[in-house]
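There are 2 protein chains.
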Amino acid sequence: MVLAIAESERVRGITSPNPPVGCVILDESGKAAGFGGTQPVGGPHAEVMALKEAGVKAQGGTAVVTLEPCSHYGRTPPCTEALIEAGIKHVIHAVSDPNPRAAGGADRLAKAGITVESGLLATEVSRGPLRAWLHYMRTGRPHVTWKYAASLDGRIAASDGTSQWISSETSRKEVHEMRAKLDAIIVGTGTVRKDDPALTARDADGMPLPRQPLPVVVGMSDLPVGAKLQDTALHLRTHHPDDVLTALVEQGVVDVLLEGGPTLAGAFWRAGRIDRVLAYIAPALLGDGPAAVLGAGVSTITDAVRLTVQDVTMSGPDVRISAVPEN
Amino acid sequence: MVLAIAESERVRGITSPNPPVGCVILDESGKAAGFGGTQPVGGPHAEVMALKEAGVKAQGGTAVVTLEPCSHYGRTPPCTEALIEAGIKHVIHAVSDPNPRAAGGADRLAKAGITVESGLLATEVSRGPLRAWLHYMRTGRPHVTWKYAASLDGRIAASDGTSQWISSETSRKEVHEMRAKLDAIIVGTGTVRKDDPALTARDADGMPLPRQPLPVVVGMSDLPVGAKLQDTALHLRTHHPDDVLTALVEQGVVDVLLEGGPTLAGAFWRAGRIDRVLAYIAPALLGDGPAAVLGAGVSTITDAVRLTVQDVTMSGPDVRISAVPEN
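Residue numbers (the numbering used here), protein chains in the order written: chain A, 1 to 327; chain B, 1001 to 1327.
Among these hints, one or two may not hold up.
Not close to chain A: a few residues of chain B, all C-beta gaps over 10 Å, as computed [said to hold, decoys possible]:
1) I1084
2) G1140
3) E1177
4) V1225
5) L1236
Derived CB-CB ranges, DEER-like [stated by the list, open to error]:
6) M314(A) with V1056(B): 29 to 39 Å
7) M314(A) with P1208(B): 29 to 39 Å
8) E1009(B) with G297(A): 39 to 49 Å
9) G1043(B) with S159(A): 45 to 55 Å
10) E124(A) with E1117(B): 41 to 51 Å
11) P208(A) with T1308(B): 47 to 57 Å
Treat the hints as calculated values from the structure; they're not laboratory data. It should be emphasised that the depicted structure is a prediction, and the values quoted were computed from it without experimental measurement. Heads up, the beta-carbon is just placed ideally off N, CA and C, and yes, glycines get one too.
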C-alpha cells in the first residue's frame, strides 16, 4: 500500500475532478508486477494502468489500490471488470468509495469470487492523497488549504510591509512543489496590488514546473494594468467564499490553496470554508506588522476557532504545522 | 551520565547562585553505588553527597558528574580532594568549569593519578540543567527565558482582552512545574493590573509546590491595593532590563522566566536580554487581539530578530517551540 500511495502522489494534481488513485499489482507469488496511477479525465484509471504493466503476471495475483475499485461505466469502463478479466484473486484497498455512482465495487468483486479487504492504511490515504477528493465527495465543495508564513510572534510582514522573505528557502521550495500538485491557488486583489505574484509553481532555478495550478483572484476591484496575473488568472468579482467555491467546482477544481492576505483569510474563516491550515512558522521576531488573519469572527477567548494539530515537521529552520478545524 | 543529569534536575532551583550539579559514583565493578546533587548554598556539592552514599564502595571506582569537579576552597572544601581521598580512580564529566576560581579541577585530579574524561553528553547538559548557570558565568547576567502562550495566528488574547485559557491544561501544568525550578519570574505592572497573578508554582489541585521562585514586578507605577503580589513581589521601579538583571544578580538569581506582556517583552528584546524563547502555540485562531511582543526594534524584514529552533514538542494539543537568538 505504501507503493500504491506513492503512485497516487505521482498523479496528484492531474486527475481532478477524478480522485488521484494509485495501484500496485502483485503476481501470484506476491512480487510487484505493475504500477499505475489515475490518468487525466477520460484516460485510464490506476487499476487499468497497473494491469497493463503487469500483463499476464496479474493472473492469480493481488491488486493493492488506495480507493475501492469503481464498478460503473463513466468515461471509462469499470475497473472491477478489468480486474476480474485479468484473473486477479485478491483486492486490498485503503478507502471505500463514497461516490454513490461508483460504489459497490467491493460487492461486485466479491460476487466474482475475489477476496476483498479494505481499510489498510486508510488514515494515511484519507489524510494524504485522497484528502481533497474525499472532502469534495462529502460536501460538494473543493477542499481549501489555507497556507501562510509568519514569524514566531505571528506577523506575516514587518511594520513597513516587507515580507520577502519571512520563511526559509526550504519552505518556499516546498510550497512551490505543493502548488504543482493542486488545482487552484486563490489570492485577493489586495495581494495582487501589493506583491504582483505570478502564482506559478517553479523549481529552485525559477523555471516553471510542468504542471501549473489555476490562478484565481478574488475581489471587486480591477487588477492593476500590467499585473502578472492579468491575463492568466480567473478573476472572480465577489467577496463571498461560497461564490468562489461554486465557480471553482464548475472549473473541475477539487483541491485549492488559499494564499490570500489576512482579510481574505478572515472571510473564509467566518464562512467556515477552511478545511486545513498549513502554517510555516519562521524562527524570527518582528514585534510589529500585520497578523495572518483579520476578523475570524471571534471577539472573546471562549469563541476561539479551535483546531487539532495533525502534523508538526521542520521545514529547514522553520516549523511547519498542519491543523484542521475541530467539528 | 543520564543518571547524573537526572540528579542535577532534582536539585535545579535550590542551588543558585551555585550550579545544579548531579553526580553518580560507580564502584570498581561499574555498578552505581551513590547518587548526589548539589545542596543549597553552603551545603555539600554533588560529588560529596554521592561519595557519602557510596561509602567504601567508592574505593577504586568512577565518578560521573555533570560539571568538572571544583578545586577551590569556597564555602565548602574542594570536591577534587574529596574524590582523591575516597580513592576514586576515574572521573567522567560533561562540561568543563568556566569559573576561573573553581577551574583546574581536572588538572588537580590528573596530578593525583586519576584518569579524567570530559565532554560526555556535554550538549545535553549545557542546554539542559546547566544552561542558565553557564550563561551567568559567561555574561555575569541571569539567563532569561521568555515564555508566552499564543494562538496559531499569534494572538495572546482575544479582542476583548480575555486570554484564559489560550493554552491547554497540559501546557499550564508544564509551566507551573517549570516555575518551581526557577529562581525568579518577571512580569510588568500592566500584567499585575490586568491579571492580578500570584506567580506561584502550583500543582494540578492548585496547591503550592514546595519550591517557589521570587516574584518580580517591573514598572514605575504602584501595584493596585490588594494585588496578590503586593506583599510577596520584589518591585523594581525601572524600565530598563539591565537594571532588572543587576538587581536580580544581587538576589542570587541565575535563572529567570519572563512572563510579562508584549511591552515588557519588547523592551527585553530591544536590549538583547532574551536568551531563550519558549512559545506555547495553541491550535486556535482569534483573528484579532494583541500579539506576544510589541516593538522589538524591527521595522523592516531584513532587520528581523532571527532565532534558531532547538526543540519542538507537543504539550497536549499545543506545539511547544524552544528557540534561541542567533548570534
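Hints the structure violates: just list their numbers, smallest first. 6, 11
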